[in-house]
Amino acid sequence: MAEKKQWNWRERREKAAFLALEDGSVFRGHSVGARKDGLGEVVFNTGLTGYQEILTDPSYSGQVVTMTYPEIGNTGINIADMEARKPFLSGFIIHELNEPQNWRTDMTLQQYFIENDIPAIAGIDTRALTLTLRSAGTLKGVISVEGKLTEAEAIARAKAWSGLDGQDHAALVTVPEAFAWDPDGKLTQTWGIAESLPTPTIKLVSYDFGIKWNILRRLREQGMDIQVVPAKASAEDILAMKPDGVFLSNGPADPAAVTYAIDNIAKLIGKLPMMGICLGHQLTGLALGGKTYRLKFGHHGCNHPVKDLATGKVEITSQNHNFAVDPDTLPADVKVTHINLNDDTVEGLACEDRKLFTVQYHPEAAPGPHDSRYLFNRFKKMIEAK
Amino acid sequence: MPKRDDIKKILLLGSGPIVIGQACEFDYSGTQACKALREEGYEVVLVNSNPATIMTDPEFADRTYIEPLTLDVLSEIIRRERPDAVLPTLGGQTALNLAMELAESGVLERYNVEMIGATADSIRKAEGRELFKQAMLRIGLDLPVSDTAKTLGEAWKVQKKIGAFPVVIRPAFTLGGSGGGIAYTAEEFEHIVGTGLDYSPINEILVEESVLGWKEYELEVMRDRKDNVVIVCSIENVDAMGVHTGDSITVAPAQTLTDREYQLLRDASLAVMREIGVDTGGSNVQFAINPENGRLVIIEMNPRVSRSSALASKATGFPIAKCAAKLAVGYTLDEIQNDITRETPACFEPSIDYVVTKIPRFAFEKFAGASDTLTTQMKSVGETMAIGKTFKQSFQKALRGLETGRFGFGADAKSDLYADWSDQDLAAALGRPTPDRMFQIREALLRGWSVEKIYDISHIDPWFLRHLEELAHYEDEIRSAGSIAGLTADPALFRQAKEFGYADKQLAYLLKCPEKAVRDARKRIGLLPVYGLVDTCAAEFEAFTPYYYSTYGDVDEVRSSDRKKVMILGGGPNRIGQGIEFDYCCVHASFALREAGFETIMVNSNPETVSTDYDTSDRLFFEPLTLEDVLHIYEREQVWGVIVQFGGQTPLNLAAELEANGVNIIGTAPANIEAAEDREFFQKLVNRIGIKQPDNGLSTTVEGAVKIADRIGYPVLVRPSFVLGGRAMVIVYDESALSKYMKEAVEVTDDRPVLIDKFLENAVEVDVDCVADGETSVIGAIMEHVEKAGVHSGDSACIIPAMSLTPDVQNTIRAHTHALAKELGVKGLMNVQYAVQDGVVYILEVNPRASRTVPFVSKTIGVPLAKLAALVMAGHTLKEMGFTKEIIPKHFSVKEAVLPFVRFAGTDIVLSPEMKSTGEVMGIDIDAGMAFAKSQLAAGNPLPDKGAVFASVCDRDKETALPVLIDLDTLGYTIYATTGTATALRNAGVKAQAMFKIGEGRPNVLDLIRDEDVSWIINTPSGASPRADEVKMRSDAVLHGMPITTTVQGLKAGVEGLKAQRRLRRMDVCSIQEFHRHTGFKLTIGKKTSTV
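For the record, the sequence lines run as chains A and B. So that you can map any letter, position 298 of the first sequence is 313 in the numbering used here, and since no number is skipped, the others follow by simple counting. So that you can map any letter, position 387 of the second sequence is 401 in the numbering used here, and since no number is skipped, the others follow by simple counting.
These are computed hints drawn from the structure, not numbers from a lab. Quick reminder that beta carbons are idealized off the backbone N, C-alpha and C, glycines included. Please note: incorrect hints may appear among the correct ones.
Claimed, not checked - In silico EDC-like links for lysine to aspartate or glutamate, alpha-carbon gap of 20 Å or less:
| no. | chain 1 | residue 1 | chain 2 | residue 2 |
| --- | --- | --- | --- | --- |
| 1 | A | K30 | B | D504 |
| 2 | A | K311 | B | D1025 |
| 3 | B | K164 | B | D1025 |
| 4 | A | K328 | B | E491 |
| 5 | A | K328 | B | D1025 |
| 6 | B | K706 | B | D504 |
| 7 | A | K328 | B | D1082 |
| 8 | A | K163 | A | D180 |
| 9 | A | K20 | B | E491 |
Unchecked claim - Heads up, incomplete: computed chain A residues facing chain B, CB under 8 Å, no partners named:
| no. | residue |
| --- | --- |
| 10 | E26 |
| 11 | R27 |
| 12 | E111 |
| 13 | I129 |
| 14 | N131 |
| 15 | R142 |
| 16 | A143 |
| 17 | L146 |
| 18 | R149 |
| 19 | W176 |
| 20 | D180 |
| 21 | Q182 |
| 22 | T352 |
| 23 | C366 |
| 24 | P382 |
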């Protein structure tokens, strides 16, 4: 007979960890991650699958992510599905942590939290928390697991923090040095992505503002040889590399704070075919002279309907952003190509003359539906048509 | 794209009677479709033979035909109505098959009717095994190795290609996998291939590589004509591949896939929709995944709304059927608003923040001799669904919602059922999927078996097993509190137990205290459930639809209101004896009370139903129907009154305890409902009124029973007290059979004795439905049964108006009925059963509550009895509502039962006092014989209009049967008969060919059946217990789809039907709206006249 299993029921009941929000609300649970307090903007993600991809998405830098789906950890963590070299978020909030069961599992979610120093709380009524965030908007919050803070102190700390407005987090998550993406194909050619890869025909430079690896996988799949450059790489340096196109990645926090990138993008527009995703889309909007604004609680999930205004077709998209481009502030030659059917916000921009298109959502999915994957091919064709 | 304006009139096909594999989910989908289409201004013509449906209520369509779902009848309806389009995708496999017949026979083309929702080509591609396989290979999807076969020889060739047993055999175009199975040996292979070829209407089977033990998934998909596609819900089966998905425990959403893996399923589903060509509706796609390496194979797809779509709709809040109907008329998904959020479109994928568990309900106890092993052929008769925050909570809620005497995952009165099993027996049980396997797994976990070991035997994914393991071990944690006082002193432990889904009953069992002590303790410390919203979006947007589930958490989302509230308790999972008829009554109660200004609250746990549509009531609580769950809602909502008499036995069983807890039950007092079941009370009551009762007695011992039987004389009818659907009710003809019954058949206890009644031979049985308000009582209808007393009323055919009863007898019945209503203080519905023998009226039983026949009667007379009854309970009088006089229609309505024997090989098909039918149909016509013929056609037992019959009639039936057989001879049928019957016929001047008895020589009837030399079997059983040869004959006939008549009365009615068909030459069709013009009832509430 197997050794008697140890259960942590008592620990779960004691609910010694908590999440304190700036509005004074406190949600109690138990620690399932690193023994370290966390501070960040608390957002919720409604995806039913993909906690690993969410966890490793650098766009969550500075944020504490709440999963609305209650059973988490079911498939553990596997090496192939990583979206970045390490996680950057400030904390993770879930309802129930499970032991994994999947043929691709490499470690448990809890092991991953601990190894990567991420504070995490389980046992939270995540629906109650989500309702709070929905009505109040994104709130600053403190995860307390060390046991040093009283609830009142934690609330005060959350209030005192400046938040992500005006913060450049791209600089925090970008690669320190330029590198060639996956020269031997090992990171791209993984289970469920691609069994073989085409020989590269296109030379691409990609800005890393917090890029998700699945973007790189999908671009590589299109036959692009990609040089990933740090967020602060100058337009001149990029032009000197003589690429066939430039990609502007997703990334965290407030686009308006990444002023150097806005300047560089402005210099590159019209000179090279360009595609942008998420932060890359917002930065392009700013570089074109437009403005961005903060959404109440942002879009974080895998089920947002986006309409392609040219075809009338709807794509179910993966989303993760708190800021959006204000369409009324854009120059006349920039077209809004996609809108979000839930709230009519801008989801895509294009400027054909300047060989440029960007989307607010995530065509690389990971997690989420693959409906928009065609955009990578569109980018390839745009480059080839030059 | 806006809706189409080139079509105006749409013919909607229903799914016919409730059968295994096709239940009330298609009433739910059809009702939604009717509403959606009429909302868009289309004229809807509906055809469905099932009177117990909401969709066949006259106000749901412009024209409603309760007619048989056959090609001829549909052709006639199309000729008469000239619809522009036919919509077949919301009426299950029945409607889809019928539409294909209409298309292939050229009827649609002749009358210029367009098939919408799906095209004939896409249906062919999805349903034809070979076409489907080719289509899947074209889009690069993997399938299990397989090939089709039309003969046994071809089947063997495919098996050789696969190279190993087991293999799966799937007949083409059958419902719920009928006739299919898994063969482990050559012998089984030959047997199943034979059956499968027989069952398939095109005599084709698929022989397939087994993916037994793989993980099974299902995705619900919708696609519009602009190629927008959404996945509404993913479902993962807890039982691995090998158990029909309808018989599997399933959860939503899928639990054990990473995003990358799930998206591959999604991609594949989209590709399937596009390749098959479903471009205006919903479908489901089933997959299997090898748990070792993730190999994904597609199993099948249904290009229509299904049972799983109903589940997915209830699980997510997304109304699939309604959207499918709108897509069929040209809308695109982005043009349809999401009712729940109101501001976001239906073109999105629901996200949920809870776990849904569905557990099927079985009825093997009804089918002696049938194996309870679950296979690829569906056998469950109903299902329950539960919503909980976590898998554990939702699983335990579902188990208590199942109403099988369990209150969760063990820790209840049946806790130790397997404690004395040997390890060997236990291991064998874990490897054989049955309805009880989960509890056997609990026993194994309690013995310390590892999850890995149990997985190896059961193939249930370790993810689920680990949760079960935690629950099994948590029982000790609860016990560690020592007592309820101890648990109350540790509120965190108490709350955790509730979060894990433990019912008060389970905690009471573990802590050895009454359930009430647990409830009181919880209330004292404020440990109450909260209600969460089913909102399609995991709280991202505000939801407006009040659809709730209970959980233990921090926020209660019930929006309070000050209106007067009536709570209606539904019937829980369907079972034999309690099904759609009761849901129909509950829905009517809600409709009527809403219209009368009440706020209605529906409580039910059955995802198939109309009652659990969020549109039906002001608030829907998707909850198990147990005292604990119901009381909480009652208290939370400050309900004014509760209706318990509409949901069948489920709410009635709760009534006394609810009342004891201060609940205001409206309508007939529960004490009176219960008293009617109390023998002594009943006896005194009928004596007081002066109604005769068959001689009877009750006993708890064998000796006592024998003594009573000796006194009143054999045969006697014996049954346990307090049962529904005649459970364990039999007629015994002698002492030895009686002793055997007392010893073996039932668990007799002191407070549950066995009832022994004199059985009235050759009596006519009569059912009466009536509505009363305390002052006035009005008879809905007097129904005369076709089969004589001794066949359960649920299984016998009956006719309105009564045909053979004299006016005197009918008046006696009326007088008795009114007197009973008065004596019992009936406020609401009442059903009485009588037997008439030689002009004397005996009462069999009275039930002051809704009966199964209420919808049938309501549709016959055009009066919504359940609505009237609900309004009576809320204080209205019948006088005020304009119903004071019995309506005797000029037309004839016949109700016929539909039986599931084809699913339960090895069980005898003879009708008995124990109910076995799953559903019913109605035949309606101005000619009585034709009404009966229609009912037979609708029930799927059409009698052949020429050819040969085989007759074997027992001695006591010979006299009555003879004239009918002579009629058959006159009608030109060739008659084969056993020696005795043949001699009697010859003596009467009829040519009859004598056959050997089975076992005495050949050719015998088995040869006739095998060679299809006869097309109709007439066999009235010979004695008390069925003879093996007769059972064999009857089951062979069932397998060959041959009609069998087992009673002389049934035969008589059948022959009348055949005569009518000859006389009238063709079958006329008529809508119930037209029939009801003659009955002319209008419901009035106060000054308002309502359409009924």
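Results for each hint:
This hinted pair checks out: K30 of chain A and D504 of chain B have alpha carbons roughly 14 Å apart, not beyond 20 Å. Between K311 of chain A and D1025 of chain B the CA atoms are separated by roughly 75 Å; this puts the pair beyond 20 Å, and the hint is violated. Our distance criterion of 20 Å between C-alpha atoms is met by K164 of chain B and D1025 of chain B, whose separation comes to about 18 Å. With a C-alpha separation of about 55 Å, the suggested pair K328 of chain A and E491 of chain B falls outside the 20 Å cut-off, and the hint is violated.
Distance check on the hinted pair: K328 of chain A and D1025 of chain B sit about 57 Å apart at the alpha-carbon level, beyond 20 Å; violated. Restraint check for K706 of chain B and D504 of chain B: the C-alpha separation of about 60 Å exceeds 20 Å, so the hint is violated. Proposed proximity of K328 of chain A and D1082 of chain B is contradicted: the alpha carbons are some 47 Å apart, above 20 Å. The straight-line distance between the Cα atoms of K163 of chain A and D180 of chain A is roughly 28 Å, outside the 20 Å bound, and the hint therefore fails.
At roughly 13 Å between alpha-carbon atoms, K20 of chain A and E491 of chain B fall within 20 Å of each other, so this suggested pair holds. Violation of the interface hint for E26 of chain A is found here, the shortest Cβ-Cβ separation to chain B being roughly 11 Å, above the 8 Å cut-off. For the restraint placing R27 of chain A at the interface with chain B, the shortest Cβ-Cβ distance is roughly 7 Å, inside the 8 Å limit, so the hint holds. Against a cut-off of 8 Å between C-beta atoms, the interface hint on E111 of chain A holds, since the closest Cβ of chain B lies about 5 Å away.
Using the Cβ-Cβ criterion of 8 Å, the hint placing I129 of chain A at the interface with chain B is not satisfied: the shortest such distance is roughly 20 Å. Nearest Cβ of chain B to the Cβ of N131 of chain A: about 18 Å, over the 8 Å cut. The hint is violated. Given the 8 Å rule on beta carbons, the hint for R142 of chain A holds: about 5 Å separates it from the nearest Cβ of chain B. Against a cut-off of 8 Å between C-beta atoms, the interface hint on A143 of chain A holds, since the closest Cβ of chain B lies about 4 Å away.
Satisfaction of the interface hint for L146 of chain A is found here, the shortest Cβ-Cβ separation to chain B being roughly 5 Å, below the 8 Å cut-off. Residue-level restraint check for R149 of chain A holds (minimum Cβ-Cβ distance to chain B is 6 Å; threshold 8 Å). The beta carbon of W176 of chain A comes no nearer than 24 Å to any beta carbon in chain B, farther than 8 Å, and the hint placing it at the interface is violated. Of the supplied interface hints, the one on D180 of chain A is violated, with its beta-carbon coming no nearer than about 22 Å to a beta-carbon of chain B, more than 8 Å.
The restraint placing Q182 of chain A at the interface with chain B is violated, with a minimum CB-CB distance near 25 Å, outside the 8 Å limit. For the restraint placing T352 of chain A at the interface with chain B, the shortest Cβ-Cβ distance is roughly 16 Å, beyond the 8 Å limit, so the hint is violated. Because the smallest distance between the Cβ of C366 of chain A and any Cβ of chain B comes to about 26 Å, over 8 Å, the interface hint for this residue is violated. Residue-level restraint check for P382 of chain A holds (minimum Cβ-Cβ distance to chain B is 4 Å; threshold 8 Å).
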